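Fit chain B to the known structure of chain A by using the hints.
So you can see what is in the structure, the chains are spelled out below.
2 protein chains.
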Amino acid sequence: MSATRKRAGRLGGRSARHTLRSQPLAVEKRPIWPGAEAGQYKPLTESQVVKIYDAALDVLATVGMGEVPDVVTEQAVSQGCTADENGRLFFPRSFVEDIVAGAARSVSLCGRDPKHDLDVSGKRVHFGTGGAAVNVVDFATNDYRASTLLDLFDFARMADALDNVHWFTRCVVATDVPDEFGLDVNTAYACLAGTRKHIGMSFVRGSHVRPIIDMFEHVTGGEGSFRKRPFCKVHISPVVSPLRYGEDAVGVTLAAIEENMPINCIIAAQSGATAPAPLAGVLVQTLAETLAGLILVNLFSPGYPVIFSNWPFVVDLRSGAFACGAAEIALLNAGAAQLANYLQLPSGVAGGMADSKIPDAQAAYEKAISLSATALAGANMVYESAGMYASLLGASFEGFVLDDDIVGMALRLARGIEVNDDTMSLAAIRDVVSGPNHFLSHPQTMASMETHYFYPEAADRDSPAVWMENGKQEVNALVRERARTILNGHYNPEFLPDHLDRDIRARHDILLPREAMTKGNRVF
Amino acid sequence: MSATRKRAGRLGGRSARHTLRSQPLAVEKRPIWPGAEAGQYKPLTESQVVKIYDAALDVLATVGMGEVPDVVTEQAVSQGCTADENGRLFFPRSFVEDIVAGAARSVSLCGRDPKHDLDVSGKRVHFGTGGAAVNVVDFATNDYRASTLLDLFDFARMADALDNVHWFTRCVVATDVPDEFGLDVNTAYACLAGTRKHIGMSFVRGSHVRPIIDMFEHVTGGEGSFRKRPFCKVHISPVVSPLRYGEDAVGVTLAAIEENMPINCIIAAQSGATAPAPLAGVLVQTLAETLAGLILVNLFSPGYPVIFSNWPFVVDLRSGAFACGAAEIALLNAGAAQLANYLQLPSGVAGGMADSKIPDAQAAYEKAISLSATALAGANMVYESAGMYASLLGASFEGFVLDDDIVGMALRLARGIEVNDDTMSLAAIRDVVSGPNHFLSHPQTMASMETHYFYPEAADRDSPAVWMENGKQEVNALVRERARTILNGHYNPEFLPDHLDRDIRARHDILLPREAMTKGNRVF
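First to last, the sequence lines map onto chains A and B. Just so we're aligned: 595 in this note's numbering is position 516 of the first sequence, and the numbers increase by one with no gaps anywhere. Just so we're aligned: 395 in this note's numbering is position 316 of the second sequence, and the numbers increase by one with no gaps anywhere.
Derived by calculation from the structure, the hints in this document are not laboratory data. A quick note: this is a predicted structure, and the numbers were derived from the prediction, not measured. Be aware that one or more of the hints could be misleading.
Identical chains blur together in the list; that is why a pair holds if it fits in one copy or across any two.
Stated by the list, open to error - With a straight-line Cα cutoff of 20 angstroms, these simulated SDA-like cross-link-like pairs (lysine to any residue) come out:
1) Lys-551 <-> Val-213
2) Lys-130 <-> Arg-494
3) Lys-307 <-> Val-129
4) Lys-307 <-> Arg-191
5) Lys-194 <-> Glu-146
6) Lys-307 <-> Ser-380
7) Lys-307 <-> Glu-338
8) Lys-194 <-> Arg-275
9) Lys-130 <-> Thr-502
10) Lys-130 <-> Asn-499
11) Lys-130 <-> Asp-500
12) Lys-194 <-> Glu-107
13) Lys-551 <-> Arg-224
14) Lys-130 <-> Arg-323
15) Lys-130 <-> Gly-285
16) Lys-551 <-> Asp-217
17) Lys-551 <-> Ala-225
This is chain A alone, in the form it adopts within the complex (with noise of 0.2 angstroms):
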C-alpha cells in the first residue's frame, strides 16, 4: 500500500481538492456534455461505405420491399417507382439517391425546458434510453418481474436526474395496464409527470397520437404549443425484416407528421435470424431497410424530421436468442452510425446493451464496448444506452445509475484530445523542467483538473488499504446508494400541477394514483 501513500502525500492540498470539486460545476467548465463531436472511429473504410451504399441500392431496386401497403405503393408509382404482380415494391436508385439527397440534415429535439435541447446533427454524440423491457430487477430482491406503470414513472425520475441521460424514451412497458389506448396514454402521462428531458414512445394506433398530443398541450401552453416545441418524438418500426413493410407504422406516420412529431424510424433485424450471418451482410440489409423507411416518410413529406436509426442486432446462433452484449453488436452499430453519417442523415443506434441479468462485471464490459464504439463513430443518438439487461428484457434501476457514469467515459472518449498551444503545454514543461521537477503545483495543473478530467459518480479509486478498511466493496454498493437516493428523492410535482393533472384524469383513465407518485410515500 506504500506507493499508493506515498503518492498522495507527494501532492498534498488532498482535502483542499476535495472540498473544491464537492461543488456543482459549472456548465461550461463540465469534462463532458451532450452533442460532443465524436467520428474518430471508422469501423470501415470509405471503399467498404461505398460498396454498402452500393449494394444496399441495389437490394431496393432489385429484391425491393414487399407486403407494401396500397397507399405506399400509389405514392411511390406516382413518383417513378415500380411494383410487380407479386405487390414488391422497387426503388431505382436514382429515386433513393434523391430521397436521402432531400432528407432532413438534422433534427433538432426538444426538453419541456429548453436547458434540455438537442441538435442532432453532424456527428454530435448524445445517449438515451430505447424501448422497451417487459421486466424489472426488482431493487429488493434482483428477481425479474413483470414492469408496471409506477416502474416506468421510477425510470423517468431516474432519467431526468441523471446528467449523462440526454432523453427519456419510455425504456419499460407498463404490462399492468389492460388496453391499447390505455397503454399509450398512460405512457405518455407517466413521461410528461417524471422528466422534463426530451422524451419518445411509440404509439399502437394513429389515432391515439391526437388525444396524447392534446393531452401534452394541455400542459405546455394549450393548442399549437406542441407543434412549436415538441418535445416527444415517435418510434416507428416500419419494415419487419427481411425487406417487408409493416400495415401499422403508416397510420402512426401520418399522424406524426399532422402534429409536427419527429420521428425515430427504427430497423432492428437480426444477424443470422432476419438478416445474414456475415456482418458486412447485416449492414447490406438493415441500410436498405432504414433507407425504406427513410422513403416511407418523405414519400408523405419531403425533408420531414426523420432519425435515421439503424439498429442491427445479433443472435447467439448457438442458441439463436438475442446477444446484445456481444462485440459484433458494437462493431454492427458503429458501422450503421458511420454509414448514416456518410449520407449525412441524423443517426440512431443501440448501444449499452447487455446480455447479464444484473449489472455485474458481464454487464458492465459489454456496455463499456458498444457505448464507446458507438459514441466515437459519431453516432447522433445511442438508444438503450441506461439501464437494460437481458438482452432487452429488463431494465434495472441499480444498473441505470451504473450506466450513467458508463456513459461519461464514453462521452470523455468521444470528445478527445484538443491539440493547442495551450494545451500543448511547452511552457508549463519549461517552467517545471527549470524548476520543481513536479507539474502538481503548477498553476495548469489544477486549473485543469475540473475541465479535462471526468470523474465517475460512483467508482472507487480508494487505496487497496482503505478499500478493506471499508468492508472490501464492490461498485453495486455505490451504485445501489446513489439509485436509492434518486428513488426516494428526486421527484417534481411541478412538472405536473395538480390543477393540470386533475384536468388530465378526469379526461383520461390516468392509473398510476398521484400518492404513489409524491416524494416519500416509498421508500427503496
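Chain B in isolation, oriented as in the chain A frame:
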C-alpha cells in the same frame, strides 16, 4: 420470458449447435487471433499528430534531457548532439528524425514454442501482461496480500492457458525473494517453468543478464540458442519524468544488446504529476521521452529491436493517486499508439488496468474501455491487459480470467468487418426473400457461426427464467470456476524437465520448491 423462449424455439437444432461449439475450433476458423490489424480509431487528426510530434522535437532540441549518464553524453555528442554546462543534453530535430528513420520497423518476439511467435509490426494488435503489482487479491479471501514467487508462477501458468494473453510479462513481484540477483533469477525461473509463450521481465542490473540467459539456454538448446530465438524481452524504463535519464537502464540496455534480447522501452509519466495535466501536453512530453529512450538504444546499436512503449498514466488530481481506470488513460494510450504508428515504430501501450480492487462492474467497464480504445487504435502490444487491479497495485487470478474474455471482445472489434461479395450476402438475401423469409436455415448462417462471432467463455447469455432457476449468479461465479480449473490443472512439467531443473537448482538458489509446482499439490 416468453420472448426468449419463442426466439430459441424458432431456431431449432439448439443442442446440435451447442455440441458443435464444444469441439475446439481449428486455428484458421477462429473469430479472433493474435495480431489482427486495427487502426480504425484515430483519436487525433493527422494535423494534431504532426503538431504533437513537432512539439516533441522542439522539447528534445530546446529543453533536452537532464541527468545524462556520461556514456550517453559521449555517444550523443560524438553523433552531433550538444550538452550544456548543467549537463543537459539537446537533440537536434534532424538527429531525432534520423534516429526514427533508422529505427527497427518491426520486432519478432519468439515464444519458446514457435506457435506463440508474435510479429510486432504494422498495426497488428497483441495483448499481454505488464509489470508489476506487489499485491495479489487472495483467491480465498479477496484480501490484498503481498505477492509471492508462487503467485508469479501461478500467473505464468494462467497466461499459458488463456488464448487471449499472447505473452507473459511478470505481472507480480516476488516480494518473498530477499536479494536483487535472487529476484531476477527466480522471476526468470518462474516464467520459464510456467509458460512457453514469449516472456518479459526487468533486470535490476546489467550484470544479471548473462547468468539468466545462461539459465534460459540450458533449457532451450545450449549456448547461442537464445540469440537465435530470443523468447524473453527486457523491460527498461530509461527516463525519469520529466525529461531526465535514469542511470540504471544504461547497463541493462548494453547487456541486452549483447544478448540480442529485444528491448521494451517504457515511459510511464503521470498526468499532472510528472507530466502536464492537459492531455495534449502529456502526449508531447511522453512522446519526447519515449524518443529519448529510443535514442538511447539506437546510439549504441542503430536499428536494434525496440518496442516504443509510451504508456501515459493518469493521476486523479483530487487525491494525487493513480487513476489507471480513467477514461483519459484510454484516450492517452490510444493517442500514444497512433503517434507510434505515425512514426512507423513497433508500439507498446498500457490498457486494461482498473482502479477497482476486484473484478466487479467498475473494473470491467474501466478495462473494456481502455482495451477497446487501444486495440482499435492499432497498438501493437497492449500491456497490463489482464489481471491488474487497484491501479497496478494488485493482481487477481479471477480477474485474469475475466479479462481474457474482455480482451477477446476487444480483439473482435480490432478485426473489424470484412466487406466483399461473399460477406455482403446479396445472394443469401435474394434466396431468403424469395423463400423462407428467415436466415436461420440458410447454409451461410451455419458457416458464419464460428468464424464471424466471438463467444466469451464465461458470459451468461441465458434467459432471465433460466438465470433465476440457476440461482441468480453474477458472472464472477463462472469466472471463478474457470480460474479454479486452470489453477488446479494447467501445468506442464515438461516446460522445465526434471534433469534440467536439477541443473538449474544446483547453480542457483531457486526458492520455488519443485513439489509446490506440481499439479494437484494445491487446491483452489
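Results for each hint:
{"no.": "1", "hint": "Lys-551 <-> Val-213", "result": "between (34 angstroms within a copy, 18 angstroms between copies)"}
{"no.": "2", "hint": "Lys-130 <-> Arg-494", "result": "between (29 angstroms within a copy, 19 angstroms between copies)"}
{"no.": "3", "hint": "Lys-307 <-> Val-129", "result": "neither (38 angstroms within a copy, 47 angstroms between copies)"}
{"no.": "4", "hint": "Lys-307 <-> Arg-191", "result": "within (11 angstroms within a copy, 71 angstroms between copies)"}
{"no.": "5", "hint": "Lys-194 <-> Glu-146", "result": "neither (43 angstroms within a copy, 54 angstroms between copies)"}
{"no.": "6", "hint": "Lys-307 <-> Ser-380", "result": "within (18 angstroms within a copy, 71 angstroms between copies)"}
{"no.": "7", "hint": "Lys-307 <-> Glu-338", "result": "within (10 angstroms within a copy, 76 angstroms between copies)"}
{"no.": "8", "hint": "Lys-194 <-> Arg-275", "result": "within (9 angstroms within a copy, 59 angstroms between copies)"}
{"no.": "9", "hint": "Lys-130 <-> Thr-502", "result": "between (40 angstroms within a copy, 11 angstroms between copies)"}
{"no.": "10", "hint": "Lys-130 <-> Asn-499", "result": "between (37 angstroms within a copy, 8 angstroms between copies)"}
{"no.": "11", "hint": "Lys-130 <-> Asp-500", "result": "between (40 angstroms within a copy, 9 angstroms between copies)"}
{"no.": "12", "hint": "Lys-194 <-> Glu-107", "result": "within (13 angstroms within a copy, 54 angstroms between copies)"}
{"no.": "13", "hint": "Lys-551 <-> Arg-224", "result": "between (30 angstroms within a copy, 13 angstroms between copies)"}
{"no.": "14", "hint": "Lys-130 <-> Arg-323", "result": "neither (23 angstroms within a copy, 51 angstroms between copies)"}
{"no.": "15", "hint": "Lys-130 <-> Gly-285", "result": "neither (37 angstroms within a copy, 55 angstroms between copies)"}
{"no.": "16", "hint": "Lys-551 <-> Asp-217", "result": "between (24 angstroms within a copy, 12 angstroms between copies)"}
{"no.": "17", "hint": "Lys-551 <-> Ala-225", "result": "between (33 angstroms within a copy, 17 angstroms between copies)"}
Checked against the numbered hints above, the structure violates hints 3, 5, 14, 15; every other hint is satisfied.
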